[in-house]
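Residue numbers (the numbering used here), protein chains in the order written: chain A, 1 to 285; chain B, 286 to 560; chain C, 561 to 908.
Just to be clear, a hint being listed does not mean it is correct.
As the list claims (entries may be wrong) - If you want the ones that stay clear, here's a sample from chain B, every Cβ over 12 Å from chain C, calculated:
#1 I296
#2 E334
#3 T336
#4 P449
#5 Y452
#6 I537
Claimed, not checked - Derived Cβ-Cβ restraints for the label pairs, each shown as a range:
#7 R278(A) <-> T324(B): 21 to 31 Å
#8 S179(A) <-> G886(C): 48 to 58 Å
#9 G697(C) <-> Y391(B): 37 to 47 Å
It is worth saying that the hints were derived from the structure and are not from the lab. Quantities reported herein were computed from a predicted structural model and do not represent experimental measurements. Even for Gly, the Cβ is constructed at its ideal location relative to N, Cα and C.
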Amino acid sequence: MGLGRSRAVGFIAPALLLIGVFLVFPGVWTLYIGATNFRLTGVAARTPDFVGLDNYRAALGDETFYHSLWLTLLFVFGSAVIGQNGLGFTLAWALRDTRKWLKRTLETLVLLAWILPSSVVAFLWVAMLDRDGGTINEMLGNTPGVAWIVEYPLLSIIIFNIWRGTAFSMMLYSAALSSVPPSHLETARLAGATGTQTLRDVVLPHIRRYALTNTLLITLWTFNDFTPFLITATDYDAQIIATYIYERAIVAGEMGYSGAISLLVLLINLLLALFYLRVGRRGSR
Amino acid sequence: MGLAKAVVRRILFYVVIGFGTAFFALPVLWLLSAPFDDTPTYAVRPPREFTFGNFAEIFENRYAFGSLLNSVILSIGTMVVVVTAAALAAYALSRARVPGRDTLIYMLLLLSSVVTGTAAMVPIFLLIFQMGLIDSHFGVVLVLSGGLLPAAIFLLKDFIDTIPRSYEESARVFGASPLQILRHIVVPVARPGLATIAVWTIVQVWGSFLTPFILLRDPDKQPAAVLVRTFYTEGGSPNLALISTFSLLYSIPVVLMYLFAWSRYGFRFHGGIKS
Amino acid sequence: MAAIEIAQLTKVFPGDVRALDALDLTVVDGEFFALLGPSGCGKTTLLRTIAGLESPTEGTVHIGDRNVTPLPPGARDVAMVFQDYALFPHMTVEDNIGYPLKIRRQPRATRSAQARDVGSQLGLDGLMARRPAELSGGQQQRVALARAVACRPSVFLFDEPLSNLDARLRLEARTFLKRLQRELGVTTVFVTHDQAEALALADRIAVMEAGRIRQVGTPREVFGRPANTFVANFIGSTPMNLLPGVAVEGGVEVGGFTIELAAPPTVGEKLTVGVRPEYLSVGESGPIEGVVSIVEHLGTSSLVTVEVGELLVGAVVPEEDEPAPGTTVWLTPARGRVLLYREGELVR
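So here's chain A without its partners, still in its complex pose:
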């Protein structure tokens, strides 16, 4: 064989090294850190003690942890599973047969939301949602209006995340829809099926695999997303898991404890991934 085993290994080595050191190792190290009482400052910073499962026990009994988890679940479900998925698909479906210029324009706008750096997007939404001068309140006609970010922080970040992330789902579904063989659609049409029936019977089965992959990816990405921090900082009512870990680790300096939480988050993610894989395998004929 041309490449030769040793050369192939040599080619893969640099990437594997980087991934191993900066991705896998931290993931594994979380296991260890979570079992210590390591702190950023103080005695425990220099000589951390091994505390076994103490941190984990504390986390599992910690109300704020569950609160954060719950918020994260709402965030993921609302903005990704329903929001990005739903809006992405709706737009892809609506645009599938439209004139080229319309399709291009809308796609560009949606894509722009995805391309803009997250810091910028965060501030754009801070601007939109501002109580006194925000565009939303101006359109709704009341000044001073609702302080969206303060009073409905979770809703705010959900809308923000939908805005930011729909592009990926839309493009994926757009490609998936165009991969449905026209002959299948035409067969349905000749059989007299309505648009909804065609959607249900011909289109959805075909794109099921893509829908699953898409949902898995955006679920994982959203679950671990830190960007809402840029809008709500460490507001308790929007303290998704990413912000919670940040607060515990960097602000409060409790490295050990936040390490334990990080591992729990990792496990939850793996469970989610396995769940999706199981669902995917079950449905494939």
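For this one, chain A is given, so just place chains B and C on it according to the hints.
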């Protein structure tokens, strides 16, 4: 189908399209109006007093251009590392018969979605700290590379799989060495895929907030993503003029890159589906 | 120019797939040799093993006097043309043709001159600056050939060289290929699944099945006296009639009718009788009687399927003599064209 039904469909269509357009266009408009306004507000509206003065203010800001330069350094640096390592690895994984290869890639991909950012915040900070790379661009580049590589390899391997092996075998029979094959044949033919990965990496790093936020202390080293949050007036409220102007400047390069890549290579960043 | 010697060549793939099973083969210097067989028979594996793209599990390959078995592809002095031509899309025609010379470190000027030379020889003048995507299928094929010719190898290896061309072009390219090989005199091994192509082009053919060579011979030998029923079935645009029969006094009985044979076998033996439809004439008299069932129009001739008892026998007749379905006809085999097979093997 009846006329009424067709009309309802049409209305529904226009509502969806209209809503979509408004929803996605509105927030961005702020970026196009506020920088040119002498006294911008949070709201999207045509500038009360049109001015370029905000741009002048940015010039005078001590950290502004430095941070943009830092963003460039981080983006280009990570891009070089990722493209090189991913190209080599993707080529080897595509051509060599490695058992369990697909599972490995899928696992790494999952891992990179899960471990970067939140869950690894703590260990990455400690790791970089122990390596003495805190507050260095190099450290940030390494961490970002590690996080982006699995996806890059996944996308690139997919792409290289579509290059017929007969090109390489033909060259082999003519006596070319593997390195020659890589240089003469594989890289030129894989150029669209490599370009896609390069642009994707740059865009990811350009907007990356968390890692530089955690690993860099010195404000002179911070990229634009982090700096944009620091524009406050003496009174403690956000300086909208500076924020909007800087955001605009900060966004333009990345939008241009996307347009360039789109027109040249017809981007497909949802790897696997041939559209 | 060199002969190829293959001895006890075996290739086993993971999963115990015996792609090549202890093959022995000699390709004479300068000959145009075909490896023919259905898909999966191992012909491409054999070609790739000669090229060095696959290493044999056992056995040796000699090219000329050299044992090339341990050598990498680049050191064997062979040139290979792949089914999809493998023209590098980012290089011009001239750079593609000159590529093997580039590997041999020839200076640019010589490379260019030689590439143009060979390109001219293959009718590619005026196309040298184009990219492969701008060429027609036939032109692409000639560029691939030019690239192989340019490195002046001892052996040409062609993997299904004509199958990517459409039918009309294929015939032209076939003649072109034969003439080119004759001019250059380079030992050529080519792989095909099209038996008509093999018969037309090759000096000798090896018919392969499931990793084994079933017969090696000239086109005439393989067509006229297939060594076993597999080859008999595979060769010929209309399939040979293979009918169950029993040896009787003075001949063999098929479907209730007796065919006389000059050297009849032992009486009572069960045999398979093989006779090509082209060698059966249809008329008013003859040893075999049957009823016409189906007539297929082939152009200047027709394939007539005749029901003889429970058997279906095919016969090719000129178009003017086409009988109507349902008529009773008599079939006469041509002298010396009746073959007998005992357990699948030809009876001499």
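Going down the list of hints, with the structure as the test:
Interface exclusion of I296(B) from chain C stands, the closest Cβ pair being 47 Å apart, more than 12 Å. Non-interface call for E334(B) relative to chain C: holds, since the shortest CB-CB distance, roughly 54 Å, exceeds 12 Å. No Cβ of chain C comes within 12 Å of the Cβ of T336(B); the nearest lies about 50 Å off, and the non-interface call holds. Its beta-carbon lying about 6 Å from the closest one in chain C, P449(B) breaks the requirement of being farther than 12 Å from that chain.
With a least beta-carbon separation of about 5 Å from chain C, Y452(B) fails to lie farther than 12 Å from that chain, contradicting its non-interface assignment. The beta carbon of I537(B) is kept farther than 12 Å from every beta carbon of chain C, the shortest such distance being approximately 32 Å. For the hinted restraint 21 to 31 Å between R278(A) and T324(B), the CB-CB distance of approximately 57 Å leaves it violated. Hint check: S179(A) to G886(C), Cβ distance near 52 Å, so the stated range 48 to 58 Å holds.
For the hinted restraint 37 to 47 Å between G697(C) and Y391(B), the CB-CB distance of approximately 39 Å keeps it satisfied.
Violated hints for the displayed structure, listed by number in ascending order: 4, 5 and 7.
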